[in-house]
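**Student:** Working from the sequences, and respecting the hints, build out all of it.
Listed below are the residues making up each chain.
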Amino acid sequence: MTNLMTDTTKNQSIDISSFGPISLVVIQPTSFCNLDCDYCYLPDRHLKNRLSIDLIEPIFKAILTSPFLGNYVDICWHAGEPLAVPVSFYQEVFKQIEIASQKYNTQQIPICHSIQTNGTLINQAWCDLFKEHNICVGISIDGPDFLHDIHRKTRTGLGSHASVMRGINYLQKNDLYFNIIAVINQDSLDYPDEIFQFFWDNGILDVAFNMEETEGINQTSSLDKAGTEQRYQAFMRRFWDLTVQTNDQLKVREFESICGLICDDRRLKKTDMNHPFMIVNIDHKGNFSTFDPELLSIKTEPYGDFILGNVLTDTFESVCHSEKFLNIYRDMAAGVNLCRENCQYFGVCGGGAGSNKYWENGSFNSAQTNACRYRIQIVTDIVLNALEQSFNLSNS
Amino acid sequence: MNITTKVTCVGFLLAISTLTISGANATSFLPQSESISPNIESRLSRLTEAMKQRGIEPLRTSEANEDLMAIGWGNGNGGGWGNLRGGGGFANRNGGGSFINRNNPWRNGGFNNRNWGDGGSFINRNGWPNGGGFVNRW
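Listed in order, the protein sequences are those of chains A and B.
In terms of full-length UniProt numbering, the first sequence opens at residue 1 and continues consecutively.
In terms of full-length UniProt numbering, the second sequence opens at residue 1 and continues consecutively.
There could be a bad hint or two in this list.
As a list, the in silico EDC-like pairs of lysine to aspartate or glutamate whose alpha-carbon atoms are at most 16 Å apart [unchecked claim]:
id : chain 1 : residue 1 : chain 2 : residue 2
1  : A       : K285      : A       : D305
2  : A       : K95       : A       : E57
3  : B       : K52       : A       : D265
4  : A       : K324      : A       : D305
5  : B       : K52       : A       : E388
6  : A       : K48       : A       : D36
Distance ranges between label pairs, derived from CB positions [as the list claims (entries may be wrong)]:
id : chain 1 : residue 1 : chain 2 : residue 2 : range
7  : B       : T18       : A       : K299      : 50 to 60 Å
8  : B       : T18       : A       : A234      : 41 to 51 Å
9  : B       : T18       : A       : N34       : 45 to 55 Å
10 : B       : S42       : A       : K299      : 24 to 34 Å
Hints were generated in silico from the structure; no laboratory data involved.
Note that the Cβ used here is the ideal one computed from N, Cα and C, for glycine as well.
**Tutor:** Now the structure itself:
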């Protein structure tokens, strides 16, 4: 791994030339969320902080003049419910981005936008905005109502499923492509058929599963219970069988990723969450961090907060020699090395996410987590077993 | 070979698995599975080799030796997991060429037009602009 091998143990100057390229910038338009999901990791989701329009130019100046910039940049509006601010907010934001681009985007790097939303507030006006600005929409929905509404509730305790479906219907009526993230928790594991059928019946054909993780203020995961791993295996195995039966119509991210590596005969060496400045996270005050977006709004015992600088006063590269960054980076790199040296799944994982390592193991400088087991190892085993059967390799 | 249009890697691999091993490749080396729990790397390689035996070469580009990065978190504005330096995803499928046209995965237009199986050759794997990475974005 290029620069993660750098010896930072003596706080010596480091070579930052291999950092980046920035592939994703997560910007927090507001810390507020209109839902109060019980597994959410965000601590300030009740606060109606809003990104100042005046910060757009410095944010995009920092991005577009950074030596870490690659040949495109994705902007994801997230980290709070991004539609909890009005449509007019984004209309003004996009105007300001255009102005900033004219000044700083000298290489005319494509800037693309996405929104990861709970979907409850989508209406025609939002759809018009998505169309106008080619905004990619990701919706969070955990399957049918009887599963979704257990955890994804309004602040008054009502289920949000009907509202999300209303939003999805708007997207579908407007012929807007969307994908979904479904969180798998203890309640989901007995219902692969019902979850699948819900997606299928509603034309939801691009699915990603996230595990409920121990993270941020979600101090425990329901998946930590004894016996869960076997149930999770059964869930994913059943979902594989159901997916295969769709004759190529349903895409499940977890299966696609491993199959993609086989098709291309490639292996992973790192992830965007453990390599510096592939992801940049910017909060509503203009504070920024890198690595996992989940880290930005969190304070932890050994590392303090993860704010590395502010776009009003710092550049991304200027913070790379700070003691705070070096402490984080050193442990992150050491943790990835541990994975590389000790885990046979490294080539299909790339060393995982520091946030999982911190919240499960207490340090970035650690290896396997439950998140690894669920997200990578179990899925890989299921996919390989199935493919080996298909290719008649099981008994060779 | 007759493989109908495929949009997913899962469907693609399963379709390949139904192909007959070509005569020219029938004798090519296919590592035997280790008698006691073969490791993940050898199992991955055996599957790729089995693919090649059926006349399907993996995508190989000049980038084959670059540091591949899993892009796990990002929705990638249409990348999801399926791309590298072209829009998110952690299955790293940048570049193009080979028999599956996976060029320019999603840069060619808006997010409804992020196909990367853009015609040509015999398999089209259209866009898979999935959302979200594997870390909690809910």
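**Student:** Is 50 to 60 Å a correct range for the gap between the Cβ atoms of T18 of chain B and K299 of chain A?
**Tutor:** 54 Å, holds
**Student:** Honestly, do S42 of chain B and K299 of chain A meet the 24 to 34 Å range at C-beta?
**Tutor:** 44 Å, violated
**Student:** With 45 to 55 Å as the target window, see if T18 of chain B and N34 of chain A comply at their CB atoms.
**Tutor:** 48 Å, holds
**Student:** Just to be careful, I want the Cα atoms of K95 of chain A and E57 of chain A compared with a cutoff of 16 Å; is the pair within it?
**Tutor:** Holds - the C-alpha atoms of E57 of chain A and K95 of chain A are around 10 Å apart, at most 16 Å.
**Student:** Quickly compare the C-alpha distance for K285 of chain A and D305 of chain A to 16 Å and report which way the hint goes.
**Tutor:** 14 Å, holds
**Student:** Does the alpha-carbon distance linking K324 of chain A and D305 of chain A stay inside the 16 Å limit?
**Tutor:** 9 Å, holds
**Student:** Given the hint that K52 of chain B pairs with D265 of chain A, test it: the Cα-Cα distance must not exceed 16 Å.
**Tutor:** 10 Å, holds
**Student:** When you check the alpha-carbon spacing of K48 of chain A and D36 of chain A, does it fall within 16 Å?
**Tutor:** At roughly 14 Å apart (the allowed maximum being 16 Å), D36 of chain A and K48 of chain A satisfy the hint.
**Student:** Regarding T18 of chain B and A234 of chain A, is the given constraint of 41 to 51 Å on their beta-carbon distance met?
**Tutor:** 27 Å, violated
**Student:** With the threshold set at 16 Å, check whether the alpha-carbon distance from K52 of chain B to E388 of chain A stays at or below it.
**Tutor:** Roughly 14 Å between the alpha carbons, so the hint for K52 of chain B and E388 of chain A holds.
Violated hints, in rising order: 8, 10; the structure is consistent with all others.
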